[in-house]
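Below are the chains, spelled out letter by letter.
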Amino acid sequence: MNEQILQQVGSLLAGTIRVFTPITFAAIASSFSARAGVVNMALDGIMLIGAFFAVFGSFLTGSAWLGLALGIFASVLIALFFAALTITFRCDQALAGLGINLLAKALTIVLLQAVWNTKGKSAIVNGIEMIRLDALKSVPLLGDMFSETSPLLIILLLSLICVYILFFKTVFGMRMQVTGENPAAARSLGIKVERAQYLCVMISGVFAALGGAYLSICDVNVFSRDMVAGRGFIGMAVSLFGANHPIGCLLGGLLFGFTQSLQYRLQGIGIPNQLIQMMPYVLTLVALVFSKRDTSALTENQL
Amino acid sequence: MKKSGMKKTIALFMVLLVLMSVLGACGSSAGAPNSTGQSSAGQTGGPAAGGSEDPFKVAIVLALGGLGDGSYNDSVYEGFVRAENELGIPVQVVEPSEVAEMQGHFVELARSGEYGLIFGVGYECEEYVVAAAEQFPDQKFVIMDSTVSDHDNITSVQISGPQMCFLCGAIAGMYSKNNMAGIVMGIASPSMTNRGIVPYTAGARLINPDIEIRVKYSGSWSDSSAGKEIALALNQEGCDVIMSYAGGSGLGAFPAALEKGFYVIGTGGNQNSFAPDLTIASGLFFYGNLAYICIQEAMAGTLQSGLKDAGLAEGGVGYTTDGSNVPMDPANAERLERITQQIIDGSVIVPESESDLDAAIANNANA
Numbered sequence: 306m307n308e309q310i311l312q313q314v315g316s317l318l319a320g321t322i323r324v325f326t327p328i329t330f331a332a333i334a335s336s337f338s339a340r341a342g343v344v345n346m347a348l349d350g351i352m353l354i355g356a357f358f359a360v361f362g363s364f365l366t367g368s369a370w371l372g373l374a375l376g377i378f379a380s381v382l383i384a385l386f387f388a389a390l391t392i393t394f395r396c397d398q399a400l401a402g403l404g405i406n407l408l409a410k411a412l413t414i415v416l417l418q419a420v421w422n423t424k425g426k427s428a429i430v431n432g433i434e435m436i437r438l439d440a441l442k443s444v445p446l447l448g449d450m451f452s453e454t455s456p457l458l459i460i461l462l463l464s465l466i467c468v469y470i471l472f473f474k475t476v477f478g479m480r481m482q483v484t485g486e487n488p489a490a491a492r493s494l495g496i497k498v499e500r501a502q503y504l505c506v507m508i509s510g511v512f513a514a515l516g517g518a519y520l521s522i523c524d525v526n527v528f529s530r531d532m533v534a535g536r537g538f539i540g541m542a543v544s545l546f547g548a549n550h551p552i553g554c555l556l557g558g559l560l561f562g563f564t565q566s567l568q569y570r571l572q573g574i575g576i577p578n579q580l581i582q583m584m585p586y587v588l589t590l591v592a593l594v595f596s597k598r599d600t601s602a603l604t605e606n607q608l
Numbered sequence: 037m038k039k040s041g042m043k044k045t046i047a048l049f050m051v052l053l054v055l056m057s058v059l060g061a062c063g064s065s066a067g068a069p070n071s072t073g074q075s076s077a078g079q080t081g082g083p084a085a086g087g088s089e090d091p092f093k094v095a096i097v098l099a100l101g102g103l104g105d106g107s108y109n110d111s112v113y114e115g116f117v118r119a120e121n122e123l124g125i126p127v128q129v130v131e132p133s134e135v136a137e138m139q140g141h142f143v144e145l146a147r148s149g150e151y152g153l154i155f156g157v158g159y160e161c162e163e164y165v166v167a168a169a170e171q172f173p174d175q176k177f178v179i180m181d182s183t184v185s186d187h188d189n190i191t192s193v194q195i196s197g198p199q200m201c202f203l204c205g206a207i208a209g210m211y212s213k214n215n216m217a218g219i220v221m222g223i224a225s226p227s228m229t230n231r232g233i234v235p236y237t238a239g240a241r242l243i244n245p246d247i248e249i250r251v252k253y254s255g256s257w258s259d260s261s262a263g264k265e266i267a268l269a270l271n272q273e274g275c276d277v278i279m280s281y282a283g284g285s286g287l288g289a290f291p292a293a294l295e296k297g298f299y300v301i302g303t304g305g306n307q308n309s310f311a312p313d314l315t316i317a318s319g320l321f322f323y324g325n326l327a328y329i330c331i332q333e334a335m336a337g338t339l340q341s342g343l344k345d346a347g348l349a350e351g352g353v354g355y356t357t358d359g360s361n362v363p364m365d366p367a368n369a370e371r372l373e374r375i376t377q378q379i380i381d382g383s384v385i386v387p388e389s390e391s392d393l394d395a396a397i398a399n400n401a402n403a
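Chains A and B supply the protein sequences, listed in that same order. Residues 306 to 608, numbered by my numbering, are exactly what the first sequence covers, in order. Residues 37 to 403, numbered by my numbering, are exactly what the second sequence covers, in order.
Any given hint could turn out to be false.
Part of the chain B face toward chain A, derived, beta carbon under 10 Å [claimed, not checked]:
1) ASP110
2) ARG250
3) TYR253
4) SER256
5) SER258
6) ASP259
7) SER260
8) GLY263
9) GLU265
10) LEU270
11) LEU287
12) PRO291
13) SER309
14) ALA401
15) ASN402
In short, the hints are calculated from the structure, not lab data. Just so it is clear, the structure is predicted and the values come from calculations on it, not from any experiment. Where a beta carbon is used, it is the ideal one built from N, C-alpha and C, also for glycine.
Using the sequences provided together with the hints, build the complete structure.
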């Protein structure tokens, strides 16, 4: 009996990690551009492009890692497009984002048609191999969570550390902060505002691609139309929830991943499914309402 | 400095735009082997011999998505190709690029008066077919996968998803060793319950009266990652055979099966190749076959208006083990064949609502 509960908790936690990974990549992506004063409304579309080209690259070369590289490249291009629209041409961020999300959705379907002659899904491609830690396998809970670890999860955790250092311990981070908080002041200090924003949106594209590619070449090894399914927007909510702070993104991602994973497992116990399916979103909202920190307060403390 | 930056950006824009339009063009031409422009619909009957009798001709306005979608449209189109080859009748295919075009296509085709039968596909076209049917009461129409039933000149072909799910349930009943089978579903709705879960359960209970059916929803028709996650959760609860019935989201069931080694059953098209060693079979919809039958009946003058059921008896649904490496016991294959016959002759009842489930199970147990 005890063992059964342990197994269920293990499966719950393993699911948490899998849901957490792409969402947190999206959250980092969002906080990068948000810190520089650009709300990356195009995140969902950029992730979708990343997911598609990762599969396409893996399909062409047979190597999932080269696929990932192509996915990142394509996503950065689209992010650059978004940056040009919003920073250089002063287009409304929400509008440009909406446009790119629609474009990404349609473009990936057209490309599916061109490459695989279907509008639904790609061929199955080589995915990124899991790292197997057989030593952990016998350990309860930890074994469930980490005995098969995605290399992208490791990249995510390392990124969180790097992003923390970059945001709070480097000159670049400080400049980025000023750029986002008060562009006029930043300009008077000699900071090249536009350049910093371009750079941040492009880095945002890199992380969006990692999130999208996790879904396509790590999780299911296939691209299906519209597979990102709103994770870009959830990532934005998580980064807002985490006050655009890497630790906040980590915690927000874990909370969302946990509730989502719990939701999947609670279905069918007698409570109406619709209520259970609402859970992750309701909890995230509640946490958002009751968290006292707001972006400006946190950033001041950190500065 | 700044100016050149700006120029570069604009240049980049242009490159992107050109790239996209080129890709867009490739995409649409690749998918349209036999389409003609919309306005030419009326005049393409060129070689229609100046004789006294007009040959029987058919036209179809495809659903959005057009040819090359690997499902719906392609499947219906197959029936047209077969009719062209085997019955020697000319066919006219129209691929609308947006819903707004549809009404014009139906009206134009009907006005020409050249076509014995005009097809529409999917619920999107329903209102336009109805409008055209009212305007041209002598023109016969067929709508694939629809429930329009109150017009004398419209035949609605209703694909029997429940019979397909019943067979898939029976297969699940044969392969489950844990007495527990699951379904990966997309978005919950009464119709998914009544026409998906209920017949699947009845099918599984026919083989194994003790089997328990678990259902989980991914909350999306496209989120394959969520589909994988709920397939894993179902497996964790003990389901060792899982039917994927969630469109694109259901694709996730296959990688989940590969990870954990449970059996899956595909639906819609032949999905056996996604995980050949673990996919037992795929339930199928035969749109092409149905379109062909309608054309045949219309030529013979026997096509009835109203709802036309398209189940096992009419060759509208079925299943395939092609491409699957999972061994199927000859006794099981025979049993499935027998169940198919029993469904056709009515001795096995496929329930289509929760309230009928228990009665159907009791009835089927004695069949």
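Evaluation of the provided hints:
1. Below 10 Å, beta-carbon pairs count as interface contacts, and B:ASP110 has one with chain A at about 9 Å; its hint therefore holds.
2. Interface restraint check for B:ARG250: the shortest CB-CB distance to chain A comes to about 6 Å, inside 10 Å, so the restraint holds.
3. At about 6 Å, the closest approach between the beta carbon of B:TYR253 and any beta carbon in chain A falls short of 10 Å, and the interface hint on this residue holds.
4. Satisfaction of the interface hint for B:SER256 is found here, the shortest Cβ-Cβ separation to chain A being roughly 5 Å, below the 10 Å cut-off.
5. With 10 Å as the threshold, the beta carbon of B:SER258 comes within range of chain A, its nearest partner Cβ sitting at about 4 Å, so the hint holds.
6. For B:ASP259, the suggested interface contact is upheld, since its CB lies about 4 Å from the closest CB of chain A, less than 10 Å.
7. Contact between B:SER260 and chain A, as hinted, is supported at the beta carbon level, the nearest pair being about 5 Å apart and thus within 10 Å.
8. For B:GLY263, the interface hint holds, since its Cβ comes within 10 Å of a Cβ in chain A; the closest pair sits about 8 Å apart.
9. With 10 Å as the threshold, the beta carbon of B:GLU265 comes within range of chain A, its nearest partner Cβ sitting at about 5 Å, so the hint holds.
10. At its closest, the beta carbon of B:LEU270 sits 9 Å from a beta carbon of chain A; the interface hint therefore holds under the 10 Å criterion.
11. With a least beta-carbon distance of about 5 Å to chain A, the hint placing B:LEU287 at the interface is held under the 10 Å criterion.
12. Hint on B:PRO291 holds. Least Cβ distance to chain A is approximately 5 Å, under the 10 Å limit.
13. Checking B:SER309 against chain A: minimum C-beta separation of about 8 Å stays under 10 Å; hint holds.
14. For B:ALA401, the suggested interface contact is broken, since its CB lies about 25 Å from the closest CB of chain A, more than 10 Å.
15. Annotation: interface hint on B:ASN402 violated; nearest CB of chain A at approximately 30 Å, more than 10 Å.
Of the numbered hints listed earlier, those contradicted by the structure are 14 and 15.
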